[in-house]
Amino acid sequence: MTPVITFLSDFGLTDSYTGICRAVIAGIAPDATIVDLVHTVPALDVRRGATMLADCVPVAPASVHLAVIDPDPGAGPGVVVEAGGSLLVGPDNGLLLPAADVLGGATAAYQLRDLRWHRSPVSRVFRGRDVFGPVAAHLANGVPPTAVGPAVPVDDLARLPGLDADVGHRRIAAPIRNVDCYGNVQLTVRQADLQRAGLDGGRPVRVGTPRETVELPRVASFSDLAAGELGIVEDSFGWLAIVAGGADAADRLDLRTVDAVRLGDD
Amino acid sequence: MTPVITFLSDFGLTDSYTGICRAVIAGIAPDATIVDLVHTVPALDVRRGATMLADCVPVAPASVHLAVIDPDPGAGPGVVVEAGGSLLVGPDNGLLLPAADVLGGATAAYQLRDLRWHRSPVSRVFRGRDVFGPVAAHLANGVPPTAVGPAVPVDDLARLPGLDADVGHRRIAAPIRNVDCYGNVQLTVRQADLQRAGLDGGRPVRVGTPRETVELPRVASFSDLAAGELGIVEDSFGWLAIVAGGADAADRLDLRTVDAVRLGDD
Amino acid sequence: MTPVITFLSDFGLTDSYTGICRAVIAGIAPDATIVDLVHTVPALDVRRGATMLADCVPVAPASVHLAVIDPDPGAGPGVVVEAGGSLLVGPDNGLLLPAADVLGGATAAYQLRDLRWHRSPVSRVFRGRDVFGPVAAHLANGVPPTAVGPAVPVDDLARLPGLDADVGHRRIAAPIRNVDCYGNVQLTVRQADLQRAGLDGGRPVRVGTPRETVELPRVASFSDLAAGELGIVEDSFGWLAIVAGGADAADRLDLRTVDAVRLGDD
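As they're listed, the protein sequences go chains A, B and C.
Residue numbering for the first sequence follows this note's numbering, starting at 34 and increasing by one per position.
Residue numbering for the second sequence follows this note's numbering, starting at 34 and increasing by one per position.
Residue numbering for the third sequence follows this note's numbering, starting at 34 and increasing by one per position.
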């Protein structure tokens, strides 16, 4: 069966970095299929990349997941992490673990220390080309993860601090998880959080932004909203999102990914 | 032979939606080749997507053409449309029919109602991941279109109102079809329209924009224009286009895709 | 073994031009893998494209390298250039030769005159779709380069004038080669140039921008810089680059790709 390598990075699409990594992989693993997930994660934003990777891996086949957002390439060796039949390859900076979590949790990890699977010489500033890409390609070729370097306890892997909603009685303080290209505002709030706060029941929810307070209906889909009408849906990843009928909700409410909102009273 | 799935959407390249659909397809149809056509169709712009898809399909091999611009995911089931040996998959909102037309016309259509070929559960807001992508992958695997759901008469499929030139005597009123990344201004006018209006003969054509009137020479290629000189070519899709020698014609004339121009007298 | 076609262009990602070329190739060479290098080279910028292609080809497998930046499609036939086991396909305008140089030098070239390998009719304005893409696909299928048209001496191929540093005694005047998406400022200066100018030895280097003069430390990696601190690294392509710790150096120094800097005294 055709091996699959999914690929996520902050290399962007205006430089040749993404293409260079694809070319390196094609040279080592010509029969692998590269599935580009996204390459325009904001530069050096490990948290956003971790979020996006975790959104993607549950629907992908068991495969090699290559992820490169590497603001500190001198910090230590990269890793391969085993989770749910897949292998996650990238820097040990917190990027990989949320994806491992949604795949059932990391069951083993290995440091990328065996130079047989790296390009030579290794650049100090572009490990995607010289380390992560080549290792991913060799893994797709069937090299076992135990061959890439020494095992490291999964509890020793770097983990980002959580970005969670603060759920109280009839109020939730929620960082925004992402504003997408349609202007949908994805919150770090799940349906269960709303129930926990006593704010559920299908009734409209009061939403406080940094600039205003609005009362928004709960709807099942964009199709339930009039043109331009704001509402709250459960999005396709299970998060609550503020959306608008055929319009840009973030623009309407002047919200950005770095903002937070308050749901409920006060 | 390797099955091909072409893929067009408005999912953009800054979120993971496009990558998620690719990953879903790779899981179901690992031997298919995904040919990305374009994913930056302006958000929810079904008309622009229909135009771009119709430009692409004539040069593609007979294949599965997946197209997703889905502003109203609750409106009804998606469809697969047979045309010229290819299968077009997407929402029934007018996106697919112009492409079917250039492939020789739709000969059959089926509603995507059989849940065997969908992901489960189906999100109410991301049918690309849960319905259109999976169905396209199963079709590439050889599932016959008759298996995806009940037949629907092709005359019952949604069709967008035309965006045509208004051709009169020695005058044409023409909406702009697209302004491309070079600043070429593609008009909804063909050579035959010019002849019909009595404006042909290789002589310069008077062009009225919302802001000015200019007289532009007919040329065969960019190479026939001096640096910065404006002219009219027949473009590679058979449409007339206002272009400039090594320069951005839309910028020079302050034209955008939503504008229209007048050709000829008055 | 799966044939590889790498693909670089200025077609952008907002129009369907890139996708159309991919579809044409998939029709002719369904078993080839297309490796997208970059498609957002600034419109008509042959020099920038040549630079990026030369950065990519050394790490790619021996393959067909398709490159299309074609401001003057009427200027003459395109070419295929043999170099280091690879075949470079594109216009004869200087785009291909820097890449051929890094592959060991062009050893033969052929004009794309045999119409058997072109689409018919050939548009005067989109040779990527009608000539370069189809020829690349046929070469990937095993058509020998001698079959595409008559040989042309490699010394007769168009070559861009150099964009080199001016190295003097204790001073270097250096055009900027590229500012990347992280804000790293890549100079047309190699470590050897610094030694030749007598500016080496690991000591800080004085850098004069159009707006200010700063003294920057030499470091091995981003990891050796404090947050926001500016420094000079040897980048992963062997060029010196002005970078900042976790920050955008070009923004800090107000530098763009069209600028030049002075290193050393004066």
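Hints in this document: simulated from the structure, not taken from any laboratory.
Where hints are given, some of them may not hold.
Simulated restraints, written as ranges between beta carbons of each label pair [stated by the list, open to error]:
1) A/Arg223 <-> C/Gly107: 58 to 66 Å
2) B/Ala95 <-> C/Asp147: 40 to 48 Å
3) B/Gly107 <-> C/Asp147: 51 to 59 Å
4) C/Ala260 <-> A/Arg203: 39 to 47 Å
5) B/Asp78 <-> C/Pro250: 18 to 26 Å
6) C/Asp134 <-> B/Thr179: 50 to 58 Å
7) A/Val135 <-> B/Asp105: 25 to 33 Å
8) C/Pro208 <-> A/Val135: 31 to 39 Å
9) A/Gly271 <-> C/Val176: 47 to 55 Å
10) A/Ala259 <-> C/Thr246: 42 to 50 Å
11) B/Asp284 <-> C/Pro250: 36 to 44 Å
12) B/Ala259 <-> A/Ala259: 33 to 41 Å
13) B/Val155 <-> C/Gln224: 39 to 47 Å
14) B/Val247 <-> A/Ala259: 30 to 38 Å
Cβ coordinates follow ideal geometry from the N, Cα and C atoms, glycine included.
Going through the hints against the structure:
no.: 1; hint: A/Arg223 <-> C/Gly107: 58 to 66 Å; verdict: holds (60 Å)
no.: 2; hint: B/Ala95 <-> C/Asp147: 40 to 48 Å; verdict: violated (26 Å)
no.: 3; hint: B/Gly107 <-> C/Asp147: 51 to 59 Å; verdict: holds (54 Å)
no.: 4; hint: C/Ala260 <-> A/Arg203: 39 to 47 Å; verdict: holds (40 Å)
no.: 5; hint: B/Asp78 <-> C/Pro250: 18 to 26 Å; verdict: violated (50 Å)
no.: 6; hint: C/Asp134 <-> B/Thr179: 50 to 58 Å; verdict: holds (56 Å)
no.: 7; hint: A/Val135 <-> B/Asp105: 25 to 33 Å; verdict: holds (30 Å)
no.: 8; hint: C/Pro208 <-> A/Val135: 31 to 39 Å; verdict: violated (47 Å)
no.: 9; hint: A/Gly271 <-> C/Val176: 47 to 55 Å; verdict: holds (51 Å)
no.: 10; hint: A/Ala259 <-> C/Thr246: 42 to 50 Å; verdict: violated (60 Å)
no.: 11; hint: B/Asp284 <-> C/Pro250: 36 to 44 Å; verdict: holds (42 Å)
no.: 12; hint: B/Ala259 <-> A/Ala259: 33 to 41 Å; verdict: violated (53 Å)
no.: 13; hint: B/Val155 <-> C/Gln224: 39 to 47 Å; verdict: violated (57 Å)
no.: 14; hint: B/Val247 <-> A/Ala259: 30 to 38 Å; verdict: violated (43 Å)
Hint compliance for this structure: hints 2, 5, 8, 10, 12, 13 and 14 are not met, and every other hint is.
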